[in-house]
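Going line by line, the protein sequences match chains A and B. Just so it is clear: in the first sequence, position 460 is 460 by the working numbering, and no numbers are missing. Just so it is clear: in the second sequence, position 3 is 3 by the working numbering, and no numbers are missing.
Hints listed in this document are in silico derivations from the structure and should not be mistaken for laboratory results. Keep in mind the model is a prediction, meaning the values are calculated, not measured. Heads up, the beta-carbon is just placed ideally off N, CA and C, and yes, glycines get one too. Relax, there's no trap hidden among the hints.
Which residues of chain B face chain A? A few of them, derived with a C-beta cut under 10 Å, are:
| # | residue |
| --- | --- |
| 1 | Arg-25 |
| 2 | Ser-48 |
| 3 | Ile-57 |
| 4 | Trp-61 |
| 5 | Leu-64 |
| 6 | Ile-65 |
| 7 | Met-71 |
| 8 | Ser-72 |
| 9 | Ser-79 |
Simulated coverage check for chain A against chain B, where a stretch passes if three residues somewhere in it have a Cβ under 8 Å from a Cβ of chain B:
| # | segment |
| --- | --- |
| 10 | 61-74 |
| 11 | 226-235 |
| 12 | 281-289 |
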Amino acid sequence: MMSFNLLLAVSLSYVALLFLVAFAAEKLAERGRGGWLRSPVVYTLSLSVYCTAWTFYGAVGYAARSGLEFVTIYLGPTVVMVGWWVVARKLVRIGRTQRITSIADLISSRYGKSNVLGALVTLFAIVGTTPYIALQLQSVTLSFSVFAAGESQDLNATALWVAVGLALFTVIFGTRNLDSNERHHGVVTAIAVEAVVKLFALVAVGVFVVWFIGSGPSNMVQIIEESPIAIWQMDGSRWIALTFLSGAAFLCLPRMFQVIVVENSDEAHLGVASWAFPAYLFLMSLFVVPIAVVGLSQLPEGSNPDLFVLTLPLSYGNEGLAMLAFLGGFSSATSMVIVAALALSTMVSNNIVLPFWLSARRPGATVSGDVRNVVLMARRISIAVILALGYIYYRVSGGGAALAAIGLIAFAGVAQILPAMLGGIFWRGATRIGASAGLITGFAVWAWTMFLPSFGEGAVMSSALLAEGPWGIHWLRPRALFGIEGVDPTVHAVFWSIFLNSLAFITGSLVSFPGPLERLQGAQFVNVWQHSRSPGGWTGGQVEAEDLLVMAQRIIGPDEAQALFLAAAQSQGKSGYLPDATPEFLQRLEIELTGSVGAATAHAMLTQLLGGTSVSVQDLLAVADEAQQIMEYSNQLEAKSEELGRTARQLREANEKLTTLSIQKDAFLSQISHELRTPMTSIRAFSEILMNDGALDAEAREKYSRIIHDETLRLTRLLDDLLDLSVLENGQVTLNVGPVVVRDLLDQAISATMSIDPAHTIKIHRRTSQEDISVTTDGDRLTQVFINLISNAKKYCDAEAPEVTVRAENRGDNVIVDICDNGSGIPSESQAVIFEKFSRLGESGQAGGAGLGLAICEEVMDKLGGSIAYLPGQDGAAFRVTLPAPAARAAE
Amino acid sequence: MSNPRDPVFLARRVYRSRRLIDASRALPFVAVVLFLLPLLWATGNGTSSTAMGGIFIFVVWAILIAISAAMSGPLSKISEDPEDSPSTEDDRKGPS
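Here chain B stands alone, though its shape is the one from the complex (with noise of 0.2 Å):
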């Protein structure tokens, strides 16, 4: 929904807090498909190892701790600073 408050054009940094925002809500999203990715070789056949799926589930969670530990400080940022918080972006719907 657009709103006619908002300007057309955003400043960078408020671009780019927006776009980051995105990405923290896609990235439980991203999780959950690769965590549900053994499901792709790992039923039926019986040929799957534990110790290659235990390797691929940790590598996975790895990298997810990672991707979060680097975006949750700038988050954080944009959490407590109400000025140009776009938290708002979306909780901006209209009534559900």
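Here chain A stands alone, though its shape is the one from the complex (with noise of 0.2 Å):
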């Protein structure tokens, strides 16, 4: 038997290959020259946390026990590596895009960056972890408990010193700087060389126990045939709830997470990981049914069978192979413990720490002080705290229970995270509320189901409580939850977890609305795929890069933030060190911040140095999805090329109205120098001949200069139609308004039309009982509106014996007067064009008018606030004048 202390300088030489591996490790990465630290073999091998102690020295007392069914344990991790494309490929990418620290800083993130929900999960991680920490220390001491088999060695003492050096390693590597993109080059390459060791050792331990006790594969077949396990008396249900259970873990375990998202570097290494992952598996699993049933049937009975590993090949007497079983283990639970605590530490760090010390200061005051120093330190402390804590569980547990119970109530424990994190990155629906009320549930199913019980009766819960329920509330019986008993304990507490978990996660997402960071955040996570390029998420700009830069620079350190702002001031086109707050600068340094403190902390930073909200309308818009931009695009291009038509279709009209009004303007321009020029023509016709014939007798000279005379008072009175109308078109009239009684104006307009041709006689009818109506108007211009009809009728009247009828009516909200005819009126087709300039019936000249008459009347009514219209269906030609009445008037 060698010797304890042999023992002890064997683990201390390893302790110290590991420090030196990982510190040159860290060395070469300082120096650029650590390419190859970061290959697709050192990843996978990094993924090898997943199997601890618990699988080195468990597994083999698990097949011992239980015979394969500890194989499903490997199962779900093969299940997640295989399917890698779907999740694990999303998370991993997330992770790169959202510089995710941690699965606390993940759920966090997804939800609005809450802070409630990274406390929670962290909260919920370190009790789910430290049992499995106290369970790595205790398989540590148990195995050196076998080779100091005789000699009287404090256990407790080797479990406490193994805890210090752990928090020491895991110290110094884990928190030597605080990298934003939180990679441990050092632990990573400690923890592959560790992957290697376990591998070799339990697969040297398979061959010898296979080769040289069992003499070949086919009698090894023989030998467990003869085994007490011989008759695979599978259980269903537990099969088919440890594959889902470690499948969920492996995704959920903070270390997995820190091994898988983390400190991943290159997305095409997770390929490899896919199959090179769960071919490590197999090989690790490969060998334990057969060193369990060689155990079973060589050992004494009553030897521990989680420690077959170790105590065969030294019942052999091969201490060689015994001491290399040794490192595997310890490889396996320091590993495990490692990276358990450093992912441990940067949640606590990122999650509750630094979310209170922020909250403890002056809202509004900038970040003063070294970020950087609080956040290690945070760490540091966390991992001390942590590892003291897996120990002190381990002493009061007095590691009694079997190893595997403990490593499946971890895996439960943890596995409550699963809906909250597959919701979130599969469906943007899952709320904030809806993730804290699953994880809560989850997490009281498990601790009422599993965790409690697990202490033992009467430990935490009383036999009577185990038996009756709570206060003899039946279905509430911690094992047998809604009166269904029977059920194997993991099973029932894994399936009532899960499933009231998921429950209230689906159901509190659908009755609750997420705020818009909880949106920008969903849509950036579950359509990761699209939005590589993260949109902008501030509407900063009050800031001074100043202030940014001071505030980076204690976060992510000074020689970092200048290398960053420099390459954001050189891609802005500017010198110096200080670009422009833009929201996508703002949104870089986020993430950058995110790398190192978490998102939430990170996004409380940017929010004191900002102030107020940081995601608009437009931001919401920007990530909505993609089908919907295609759409709104379209819908643009569509309302723009219809304002187009739109536009295109009013340019005609007005092209038309121009070319209607030019053509208007030529007629008009042709029609008046045409008025112009017949009554010209006849003048300087009569004067030539006034002038040259001196012959000419007083009759004719005065027939002549008559017609002269005729003819300029007819000029004369176009240009003054004319004035007048140009006057009326263009709004300067000046309306002298009054009250005025219509039987008045009447009685002007008929004696002023008499007063012209007495000779001309007309009979006119009227009702002056009916005009008594008094309108507000300008009574000058109305009564020229009934001069014009009135002598219009006379002038045009083709009747025998010209009559004109007048006929005023007050109809409530208008006065009407009608001045109709006896002739035979006005054609239709020509109805529409009598209210024209120069428009005149007939032939013209057989009045004298120069066709401008109606269209003054229609301007001065216009202009009134009335109308004239010609009022067909009468006997002859009919005119309406409309005039406002005084009431409607007043009420204008």
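Reconstruct the complex from the two isolated chains, following the hints.
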């Protein structure tokens, strides 16, 4: 039997070797020559922190107790890795784009950078991991005890020293710097070495058992057939539950998340690991059953099957192999503890300590002091505290329980994160409320049905409580929820906790409404393939770049911060170190800070500096679904083309109008020149006769002079009318509004028309009693209209005995005056044009008018707020003048 | 969901890589079914052998590893090449 001291010496030199390896890896990485440190092989090997001492020692014990069931612990991760394209790849991509530092950070970041959720997950992770660390310490001390048989050694002291050593290692290599990538070359390389050692050790023991003790594989089958576990009595529900549980834990264990997502430097490594890691697990479990059955048959009754890996080589006197096996188990335990402590310390510092530290400061004040020191100190203390907790748990629990039980309890605890995690990356509708409800429900059920009963009857839960339920409530019994009995306790706990967890998560998400930041983050997580470059989330610009630089220097270090700012300034085309605080730059900065202090804290720090909200409607629109964006875009195009069409139509209309106007103007000009020319021609002709023909008699001269005079009058009248019309059309007319009585106006108009030509008699029909209507208007202008209409009737009425009927009527809101003659009226095709300028019916010159009368009437009535219209269907030509009634006018 | 921007006919290479992605999505389900297959015979009657069951599990395991190894290379190339990455094919689902 080798001495305990030799064993101690070997272990210490092994630990020294690990320190050396980690140190060398850090140095290589610092000098930029550590490319091979980040190879797919190292990545795959680092995933082996999944295989802890529970696996190394416990799997054999598990197999010795329940046969093939142990393999479920490896089948779950195999399924997850084989399906890497679906889940793991998305997690890694999200982790890289969002600079996720831990699983708590992932949940917090996804659900609106929520501090509460981050702290919740951290707390649960600590509760789930502490027993697991205790388990590792226990396994190391147990393996020591195998070698120390006969020598009186204080096993508790061994456990303590192991814990202290591990804390030291983790502090030195896990918190050397605050890298914004949160990658630890030294740690990863060391655990890769440990992965090789433990695989090599287990395979060596396996080969030894199969070929040296069992003399070949075929003989091995024979030994299995004769062993106590020859009959495979499979428990179907356990098989399913444990496979699910191991797959869930593989993704949710803080240390697994650390190595799969956080330490990943290249997505292609995941592709290699997708088959290489299952192969690793395959080799790790290939020899488990042979070792178990050989141990059962060869070792004395009552030997601890958890230690067969060590005791088999020892019992055959192969001390070298036993030493190798011991180192393998030691590696399994230490690598798990190191990575778990590292992951948990990151979670504690980023999700618990920093938020408290920040909220303890005056709000609005900028960050002062070296945040990096705070973060690093928080992590170092967390590591020490976590390991101390593990040690205390180990001491309190007495290290009695079977190893596998603690492992499964821890698995089930962290698996409660699974619904929130998967829902977060695949379902945009998942909300913070839902995630919190699911997590709390799941952990409560897990604690009630699995964690608390695990301390044993009477420890935390009394046996009465276990048998009868709390306060005698039967359906709340920890091992028979809702009265369903006879289920395996593990299956029972896993089923109810995950089921109720998912139920609460989905229900909570469905009934709650997420905030803008939550929706933004949700879109970025779920659609990570579309949004590999994240959109700007900050609408600041009030902040001085210098303040940002000061803060960034305190968090990610002066050199990194200056490099970041310099690069940003250059990409903005600026010289110097101070870029503009554009939303893009702020977003980039936040992600860099997230890599160091976590999403929630980084967000809170920037919020302190920037103040105000960080999500604008534009941001939300920017991350809206791609299809929606395309739709939006095509909608915009459609709207634009519609607008263009509308404008084109308007232009066409305007053009048509202009063309018409131009034609009208031409017609007007030709009309007016014609109107002016006709009298001019006769004036010129007759004046020439008067000038040249001296022999004219007085009668002729008088006749010619009269013609000239008449034509001049006509010209003057025409020009007067034109002037009148242009004044009216230009709106320059000033109205002399006052109260008048329609009868008076009509009297004036009739007497005026009569006075012009008393010879040309016309009979006027009036009903003066009805004309006593008072209106408020410009009486002179209205009289002008009446005069025009009556004189028109006189001029154009073709009846033998021309008569004019005047009717006035008050129709409530309107006063109408109809003036009709008894002629043949106006043909319907001409009715539309009679109000146009120069429109004359029949032969021009018949009545000597210029055709402006009705046009002037229309303008006048328009100015007076009324209207004039041809009234068809009467006996002759009829015009209706409409005026607003005084009441209606007053109401305007 | 058909996207109007997707071409109707794909180049052979893109077609193959999309089918490869389909296979990579199906593989975990195949794995689950195969690993749960012993439920059909190993529960209950108490006559199934641990040795034979173990050989079954490990053979299935080895086959899965081989298939996964054969697919991982081309898949990683697709993942790295954003130009014709059909990985977004199904991720382009509408808002859920």
